[in-house]
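As a plain string of letters, each chain reads:
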Amino acid sequence: MDVLIEARWVILSGTIVSLRVFALSVVFAAAIALPLGIMRQSRNAVVRNIALCWVEFFRGISTVVQLFWLYFALPFFGISLSAETAAVIGLGLVHGAYGSEIIRGAMQAIGRDQWEAATALGFSRRTTLLSIILPQAFVAMLPPLGNALVLLLKGTSIASIITVPELTFQSTLVVTRTLAVVPIFACVLFIYYAIAMAVTSAVRLVEHKFGRWRPRTANIR
Amino acid sequence: MFDFTFALSILPKLAAASLTTLCVTFASFFLALVLGVPLALLRRSKWPILSRITTLIVDFVRCTPVLVQLFFLYFALPGFGVRLSPIATGLIAFSLHYGCYMSEIYRAGLEAVARGQWDACVALSISRMDAYRSIILPQVIQPIIPAAGNYLVHMFKETPLLASISVIEMMFVSAEIGADTFRYLEPITVCGLLFLLMSLGAAGLIRAAERLYGRRWRRAWR
Numbered sequence: 001m002d003v004l005i006e007a008r009w010v011i012l013s014g015t016i017v018s019l020r021v022f023a024l025s026v027v028f029a030a031a032i033a034l035p036l037g038i039m040r041q042s043r044n045a046v047v048r049n050i051a052l053c054w055v056e057f058f059r060g061i062s063t064v065v066q067l068f069w070l071y072f073a074l075p076f077f078g079i080s081l082s083a084e085t086a087a088v089i090g091l092g093l094v095h096g097a098y099g100s101e102i103i104r105g106a107m108q109a110i111g112r113d114q115w116e117a118a119t120a121l122g123f124s125r126r127t128t129l130l131s132i133i134l135p136q137a138f139v140a141m142l143p144p145l146g147n148a149l150v151l152l153l154k155g156t157s158i159a160s161i162i163t164v165p166e167l168t169f170q171s172t173l174v175v176t177r178t179l180a181v182v183p184i185f186a187c188v189l190f191i192y193y194a195i196a197m198a199v200t201s202a203v204r205l206v207e208h209k210f211g212r213w214r215p216r217t218a219n220i221r
Numbered sequence: 001m002f003d004f005t006f007a008l009s010i011l012p013k014l015a016a017a018s019l020t021t022l023c024v025t026f027a028s029f030f031l032a033l034v035l036g037v038p039l040a041l042l043r044r045s046k047w048p049i050l051s052r053i054t055t056l057i058v059d060f061v062r063c064t065p066v067l068v069q070l071f072f073l074y075f076a077l078p079g080f081g082v083r084l085s086p087i088a089t090g091l092i093a094f095s096l097h098y099g100c101y102m103s104e105i106y107r108a109g110l111e112a113v114a115r116g117q118w119d120a121c122v123a124l125s126i127s128r129m130d131a132y133r134s135i136i137l138p139q140v141i142q143p144i145i146p147a148a149g150n151y152l153v154h155m156f157k158e159t160p161l162l163a164s165i166s167v168i169e170m171m172f173v174s175a176e177i178g179a180d181t182f183r184y185l186e187p188i189t190v191c192g193l194l195f196l197l198m199s200l201g202a203a204g205l206i207r208a209a210e211r212l213y214g215r216r217w218r219r220a221w222r
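Sequence lines, in order, name chains A and B.
Position 173 of the first sequence, counting from 1, maps to 173 under my numbering, and the rest follow consecutively.
Position 182 of the second sequence, counting from 1, maps to 182 under my numbering, and the rest follow consecutively.
Simulated from the structure, these hints should not be mistaken for lab results.
Warning: the hint list may mix true and false statements.
[To be verified] Residues on chain A that point at chain B, a partial pick, calculated with CB under 7 Å:
1) G60
2) V64
3) F68
4) W115
5) C187
6) I191
7) A198
Beta carbons are placed, not taken as given, at the ideal position from N, Cα and C, and that holds for glycine.
Pulled out of the complex, with its shape left as it was, chain B reads as follows (with noise of 0.2 Å):
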């Protein structure tokens, strides 16, 4: 029933598209980790407006499928005259959807920092920049940690969604193995253990990485 020649046999091929998975997520979690930032802080923004906005406009993000927020993209963009390869298109709505909740990492892990912290930069008069820079943000870091890994993760296995919009990465190549050869048993079954080892790997990684840090943090899922 399960061919192992045949499953060694497009082995390969399948680690080949691996790489564009892997590069796919490194890239888009890299964009998001930086576009959380400025959604974060326009969070916390005095004007009430601008926080407002950006509340709803994070709320509604994580609120809807990345799919959708694929198709959308993919298909509109090119209407306002924006011509992207489909692996930008991924990127694109990759990074906008997990940095909205990068964002809400960054806040938590912002009002987790005692008010006390800031009550002391006063009283030592420490500037705004220097307490973020020296104080605050240290504090930040260490707890957001196991969160930000678990969305890695999280996006990590959410990337097979890119063959619907025909990025050639693993479910692409396997579907289209399917296809070619009239076997889908082989390739789908090599495919989800291609994910299910890397995605264990990086779920250690990221357990070293917390521990390095020392403090743990409770995972709600990963």
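So that you can see chain A by itself, here it is in the shape it has in the complex (with noise of 0.2 Å):
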């Protein structure tokens, strides 16, 4: 229990930093996912087929190894990424990659005939899809949205690797310096599971506030 007392300003230190890449990495994949799902279900088969690749690609690559290559190899091409961009940007990337397909899911839980009454009515696509499909959309990737948050959160671990000072990393350093093992990382686990739980229930809070206008179709997994 000392050893905690002791080590709590490491400890929130850590956990401020594991924070901070949690939130700017959700809001780099979200950026990146949007567009892509978007694209995966464009009528050009050219478009269609770009997103694929780059989907295929990112999540083909173990996210340890692409952290480590935009850290160590990128500068070879004169690039020098902090620890903390090249973190976010790289869970970013493999995150964006699997948000994709939680968006191209949730779209295509919109049923075919909601495109064809826009059409009726005289709707534009652009328009269709901005005003008429995303916001159901929306509603029907809540659940998978959840999941997908926590295994970001838990990617964040993986950042300790290339050396950023988040929860993870400054664990390891208290428990070399301490040895203090089991306590240290006992207390490490339930921050994570705490803050998992927030996340959870805070996206279980929005699906219910806006479950009413759930799709009926929406069938996710």
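Since each chain sits alone in its own frame, please combine them into the complex, following the hints.
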């Protein structure tokens, strides 16, 4: 217990860095996922295949290797990123590719009849997408979104490998210094669990709030 | 910039290390498949205490990073007098983590089987054991293939984490080559490409297995 009290500031600062990496990666991943998910649904085969290749590429490479590459190999091209920037970009790219699948799934869950009705009412494809399909798809993608966010949260621990001073990194430093393995790691696991619980209940709250607009056909696993 | 002869010269080393990666992946996937069964059954137990506790443990393990679990086991086990090699520790951590995921898949599969099937078994006076073996389980196996396959690929891509507890696999070897030669670009790129090739191959195999079993299951992610 004394060890935890002594190490509280280190662990707190690690938690803050973890949360920052998490938040920035979520924003970056969402910014990638949305256009990618829409591109996967495009009528243009070239656009569709570019998106498919992008997704398969970033999902296929291990996150660890990707972060390592961004941090250690990119400087050979004259681009040096800070560890945290590399982590945010790497996590954003990987989870953006995962997220695009959620957006695609949610858009597919919106029935063809919505598209047909919008066409019959003379909406342009753009307006249909932006004001009819996407709002409904947003509700449909909330359930898998919770899982995806927890996955990303757990992914931030990988940033410790490229020396980002986040929770996992700080805890290993404390452990090697104090040798108090069990209390420190147990505490760290609980912090991750608490953040994950907070994230999933936040998503569930939003889900509950928007639940009545859930499309009846939505059935995404 | 990118030295192809150097990249080719390190390829055999990395290919050899990829064997460790593959062995660890398949061994822990197998253990996770086995471990998932009792966890799923405990969660469906009739005693609420048992199912509550199992749910709590499974959720906790699923919500915390496998890297921290790995460190925990690696540093804490020797303190309890259990001395294991890094590979064995990695196997335990991965099979525990993914065993919890597998139990969720099994549970979803079991719950997806219509209640009417159970009722029909009772009506035909088929014993509980026989019902599981020849009626319920065959219906569960089919839909869980894609989900389980996705976790196999997922686990494969997380094996480089083992490098941080000094298991000599692909990532470890490429980092070592980088440190020896001061050239990180080629080893890490080759390592990434090997991962890409293997996970695309595995995804193809899973899709083939899925097609073999006919029914399609919607994939949210791999």
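Verification of the hints:
1. G60: With a minimum Cβ separation of about 4 Å from chain B (threshold 7 Å), the hint on A:G60 holds.
2. V64: A:V64 check passes; min Cβ-Cβ to chain B is 4 Å, inside 7 Å.
3. F68: Holds, about 5 Å.
4. W115: At about 20 Å, which exceeds the 7 Å cut-off, the nearest Cβ of chain B leaves the hint on A:W115 violated.
5. C187: 10 Å, violated
6. I191: 9 Å, violated
7. A198: Interface hint status for A:A198: violated (11 Å vs cutoff 7 Å).
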